[in-house]
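Novice: Given next are the chains, with one letter for each unit.
Number of protein chains: 2
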Amino acid sequence: MRYYAGPVARLIDELARLPGIGNKTAQRLAFHLLNAPPEAAHNLARAVTEARDSVRFCKICANLTDSEVCQICADPGRDQTQICVVGEPKDLVAMEKTRGYKGVYHVLQGVLSPLNGVDADSLTIRQLLARLEGGRVREVILATNPNVEGDATALYLARLIKPLGVKVTRIAHGLPVGAHLEYADEMTLAKALEGRREV
Amino acid sequence: MRYYAGPVARLIDELARLPGIGNKTAQRLAFHLLNAPPEAAHNLARAVTEARDSVRFCKICANLTDSEVCQICADPGRDQTQICVVGEPKDLVAMEKTRGYKGVYHVLQGVLSPLNGVDADSLTIRQLLARLEGGRVREVILATNPNVEGDATALYLARLIKPLGVKVTRIAHGLPVGAHLEYADEMTLAKALEGRREV
Chain Z
1 MRYYAGPVAR
11 LIDELARLPG
21 IGNKTAQRLA
31 FHLLNAPPEA
41 AHNLARAVTE
51 ARDSVRFCKI
61 CANLTDSEVC
71 QICADPGRDQ
81 TQICVVGEPK
91 DLVAMEKTRG
101 YKGVYHVLQG
111 VLSPLNGVDA
121 DSLTIRQLLA
131 RLEGGRVREV
141 ILATNPNVEG
151 DATALYLARL
161 IKPLGVKVTR
171 IAHGLPVGAH
181 LEYADEMTLA
191 KALEGRREV
Chain P
1 MRYYAGPVAR
11 LIDELARLPG
21 IGNKTAQRLA
31 FHLLNAPPEA
41 AHNLARAVTE
51 ARDSVRFCKI
61 CANLTDSEVC
71 QICADPGRDQ
81 TQICVVGEPK
91 DLVAMEKTRG
101 YKGVYHVLQG
111 VLSPLNGVDA
121 DSLTIRQLLA
131 RLEGGRVREV
141 ILATNPNVEG
151 DATALYLARL
161 IKPLGVKVTR
171 IAHGLPVGAH
181 LEYADEMTLA
191 KALEGRREV
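As they're listed, the protein sequences go chains Z and P.
To convert, note that position 189 of the first sequence is 189 in the UniProt record's numbering; the numbers rise steadily by one, no gaps.
To convert, note that position 44 of the second sequence is 44 in the UniProt record's numbering; the numbers rise steadily by one, no gaps.
Please note that the accuracy of each hint is not assured.
The list treats identical chains as interchangeable, and a pair is accepted whether it falls inside one copy or across any two copies.
DSSO-like cross-link-like pairs, simulated, lysine-lysine; straight-line CA separation at most 30 Å [unchecked claim]:
(1) 24 with 97
(2) 59 with 24
(3) 191 with 97
(4) 24 with 90
(5) 162 with 102
(6) 102 with 24
(7) 90 with 167
(8) 24 with 191
The hints are simulated quantities; they were obtained by calculation from the structure and are not laboratory data.
Just so it is clear, the structure is predicted and the values come from calculations on it, not from any experiment.
Isolated chain Z (complex conformation) (with noise of 0.2 Å):
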């Protein structure tokens, strides 16, 4: 039985595809189209048609970009002999927010799960061991998430790396800035207190 008016209920159908929205929520959103200026709706649309045919990735790095290759890449400006590498271009990007980074990227598009089906095969690992060639690449910084999967994807890395004669780090584990000893778990700071500095 059909409730709503066919283009509605096609809308409705189409946005609770979209991951974590549920019926309720699409029909929500859809009557806020509905009910929006046309405008709105028809920005949303262009943006979701230009945004999946004009963006590929990077055919260095595999950051996304609309172009050949993404704009950190392209900087003259940015460090070509420092390479940090992320599973995902919001990690990328949740770097480049810290300011503190001058380096170029390699993104993986993902971090090993076996589990899952993805193997070495499935990342941009080929991608990066060609980038190391030819010796300009001075260090690489392993900034895969500090969980299981990205600890794991970090070793097998350094691994692969290291007999490059490539220098190889990974990002700090320890307690968050703002954090209550109290609070943290044993694993953190366990870490934190493994890999204290001398002040």
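Mind docking chain P on chain Z? Use the hints.
Specialist: Using the frame of chain Z, we list chain P on its own:
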């Protein structure tokens, strides 16, 4: 500072304009759309555009429709002498899902809410009164939400319609099916007692 390529940033911005969608969720939805097959993104964009361009209000009952008159008003099997008045199209859908109602509807497009600037003229009350002319309508069922604004709107409509000699009813307040008396609020329990019926 632009962290994402133009089309990606625009997509995230447009998604974040939707109600209840924050920046992180917009980012997650954008990456989903970029990683999904192109058809998924195109179908969503098309559904948004088509719905916005083709959907309008039924000229009889103000329900959403993609033709002049909605499928319920156009159905010769529905009892045209009984009009159920609801606030929003989604309330109409909730009533339809009961499969217990065979009359027609009238969608107010909101409820009276002076604090939000919604007065009688911003609702489809004039159109409702016009439908009552000619004396064919036997009963008007007021099915606005059982809250302060819905009750006030129902009372307002009852005062307008009763003098026209049309029977006016209000959907029952009471305990929801499967509820526990223990956990019911006092207002609901009082209404359930007041509305008791002989068995």
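Novice: Cα distance capped at 30 Å. Does residue 59 pair with residue 24 within a copy, between copies, both, or neither?
Specialist: Result: close only across copies, 26 Å inter versus 40 Å intra.
Novice: Is the C-alpha distance from residue 102 to residue 24 at most 30 Å within one copy, between copies, in both cases, or in neither?
Specialist: between (45 Å within a copy, 25 Å between copies)
Novice: Given a CA cutoff of 30 Å, do residue 90 and residue 167 count as a within-copy pair, a between-copy pair, both, or neither?
Specialist: Result: close within a single copy only, 25 Å intra versus 61 Å inter.
Novice: Regarding residue 24 and residue 90, is the shortest C-alpha distance of 30 Å or less found within a copy, between copies, in both, or in neither?
Specialist: The answer is both: 28 Å in one copy and 10 Å across copies each meet 30 Å.
Novice: At 30 Å max between alpha carbons, let me know whether residue 191 reaches residue 97 within a copy, between copies, both or neither.
Specialist: within (25 Å within a copy, 56 Å between copies)
Novice: Are the CA atoms of residue 24 and residue 191 at most 30 Å apart within a copy, between copies, both, or neither?
Specialist: This pair counts as between: shortest inter-copy Cα distance 28 Å, intra-copy 43 Å.
Novice: Could you figure out if residue 24 and residue 97 sit no more than 30 Å apart (CA to CA) within one copy, between two copies, both or neither?
Specialist: Result: close only across copies, 14 Å inter versus 35 Å intra.
Novice: Reference check for the pair residue 162 and residue 102, CA-CA at most 30 Å: within, between, both, or neither?
Specialist: Cα proximity of residue 162 and residue 102: one copy only (22 Å, versus 75 Å across).
Against the hints set out earlier in the document, no violation occurs for any number.
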